[in-house]
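> Here numbering that gives the first Met the number 0 is used: position 257 in the first sequence is 256, and no number is missing along the way.
It is worth saying that the hints were derived from the structure and are not from the lab.
Among the hints, a few may not be true.
Stated by the list, open to error - Okay, the calculated beta carbon distance ranges per label pair:
1) S265 x H413: 41 to 51 Å
2) K2 x E232: 50 to 60 Å
3) I156 x K62: 42 to 52 Å
4) T167 x K15: 27 to 37 Å
Said to hold, decoys possible - When the alpha-carbon atoms are kept at most 25 Å apart in a straight line, the in silico PhoX-like pairs for lysine-lysine are as follows:
5) K93 x K14
6) K6 x K30
7) K313 x K252
For every residue, glycine included, the Cβ atom is placed at its ideal position computed from N, Cα and C.
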Amino acid sequence: MSKVMIKDLGSFMEKKVKVSGWLYNRTSKGKLIFLLIRDGSALVQAIVSRQTLSEEQFNLADKLTQESSLEIMGVVREDNRAVGGYEIEVESLKVFQICDSYPISPKEHGVEFLTFHQHLWIRSQHISSILKIRAEIISAARNFLNSQGFYQVDTPILTPSACEGTSTLFKIDYFGEPAYLAQSGQLYNEANCMALGKVYTFGPTFRAEKSRTKRHLMEFWMLEPEMAFVEQEENMSIQEELICFIVSSVLKKCSNELTTLKRDVSFLKKVQPPFPRLTYSRAVELLREKGFDIKWGDDFGAPQETAISSLHEKPVFITHYPATIKAFYMQPDIDNPELVLCADLIASEGYGEIIGGSQRIHDYNLLKKKINEHNLPEEAYQWYLDLRKYGSVPHSGFGLGLERTVSWICGLSHIRETIAFPRMLDKIYP
RNA sequence: UGCUCGGUAGCUCAAUGGUAGAGCAGGCGGCUGUUAACCGUCUGGUUGCAGGUUCAAGUCCUGCCCGAGCAGCCA
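Could you build all of it, start to finish, from the sequences and the hints given here?
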């Protein structure tokens with residue numbers, strides 16, 4: 000007899016199998032009990048009757064509560080009355096634990112209650128489907144980058160200073176010295192790509208901003224590729240290919256999960272190259288036409304991003320921002336030094352920015368000047384300046400916000416559902 | 001941080017200023033094809049906290065706490 004994952008039961012028709020899992024729901028017709036069992040891979044209905052089970056085992060099955068842990072042995076039968084088209088006719092039952100009254104009933108619940116029970120909410124079909132899609136997105140991204148000759152090189156989480164002077168960092172005590180949790184691995188990755196050519200970092204990043212929105216977490220995961228000898232245009236096409244590869248992998252491998260989430264996949268199917276490109280200046284014009292009160296030089300907020308994304312069915316690149324509202328390390332546009340060679344990728348359907356990328360300054364003197372203009376401590380950036388001293392080359396990179404990408408692909412209304420244990424403003428339990 | 005809305009049973013929600021209610025969950029009983037099963041029955045309350053108005057406050061007023069939505073902040 001085989002120990003089988005529920006998702007693989009289809010290939011064990013009329014065979015005897017062993018399944019271990021938890022009781023998702025139960026209904027009873029007196030002498031006939033229906034157990035809906037989950038094992039993390041899928042759900043299956045098991046049927047218990049007095050005909051196939053001893054009196055003692057039948058009574059045990061009758062006592063099972065939601066989330067009781069168990070193991071069943073029985074024969075897989077085709078039956079279109081069961082969810083998924085087959086069910087298990089139980090011949091024997093082993094119970095690990097009869098569950099106490101489980102807090103999350105199969106009815107509706109509010110956000111506060113669910114997030115307080117986050118450690119249990121992840122068992123729901125809703126959250127576990129999202130986590131599976133998240134896993135597929137990560138796997139697809141790694142497969143894509145690895146196939147393109149990238150090496151994963153991870154960067155430190157404990158850092159001596161800000162990558163930039165702007166964001167609010169989490170400060171910690173490092174043996175009596177101040178240190179900070181990383182808000183990006185980019186600067187270190189610029190060093191790494193001068194060693195290995197094409198690299199990416201995938202890890203957690205931390206922002207201590209008092210942001211309380213559906214698209215912000217205090218702790219989130221970022222995929223940050225960095226490439227030597229790559230300029231703005233090539234940087235954008237790699238982003239485009241990466242996003243298309245991720246979306247098509249999810250469509251191919253996660254159709255059950257997308258169905259569980261009731262995701263309308265028609266938008267996802269349109270995610271094919273090329274993505275529309277829009278300069279910052281053009282975007283400002285379009286926003287003005289739509290009635291936004293915005294002047295050249297202002298940064299875009301959430302409503303502006305949503306308005307721009309609504310003009311297109313695909314994700315859209317916004318390029319050539321004014322240098323004044325972007326980071327110090329971005330390469331100025333040779334035709335107009337007020338602009339920088341950067342691109343934000345705005346997801347479709349109003350999900351906002353999922354990628355921010357740019358070509359980096361490779362000239363020593365220019366970078367030094369920018370560091371001073373931004374009032375950053377030059378000493379702290381000595382190693383970063385060194386990269387422009389010893390065999391400097393044009394290079395580019397970008398950062399993909401994993402949770403925002405998951406939120407977009409899954410069609411979620413809030414980013415808190417995209418990670419097993421979200422870290423929110425003023426909310427760190429459990 | 002600002003604006004707006006909210007807080008009643010374990011959960012989701014009702015309740016003209018006039019006796020605190022229902023469904024689900026949980027207990028007990030019934031049912032051989034249920035799909036958030038159903039039927040009967042039982043259990044379940046400091047109405048977020050503190051004060052005030054009133055013969056009477058879940059309901060009106062003030063302050064505070066907590067949550068949510070939006071905005072700001074935000075490579």
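> A separate judgement is required for each hint: does it hold in the structure or not?
How the hints compare with the structure:
A beta carbon spacing of about 22 Å between S265 and H413 contradicts the range 41 to 51 Å that was offered as a hint. The beta-carbon spacing between K2 and E232, approximately 52 Å, falls within the hinted interval of 50 to 60 Å. Our hint of 42 to 52 Å for I156 and K62 holds, since their Cβ atoms are close to 47 Å apart. The hinted range of 27 to 37 Å is not satisfied by T167 and K15, whose Cβ atoms lie roughly 59 Å apart.
Pair hint K93 plus K14 holds up; C-alpha atoms about 19 Å apart against a cutoff of 25 Å. Of the supplied pair hints, the one linking K6 and K30 is violated, its CA atoms being roughly 28 Å apart against a limit of 25 Å. For the suggested pair K313 and K252, the alpha carbons sit about 21 Å apart, so the restraint of at most 25 Å is met.
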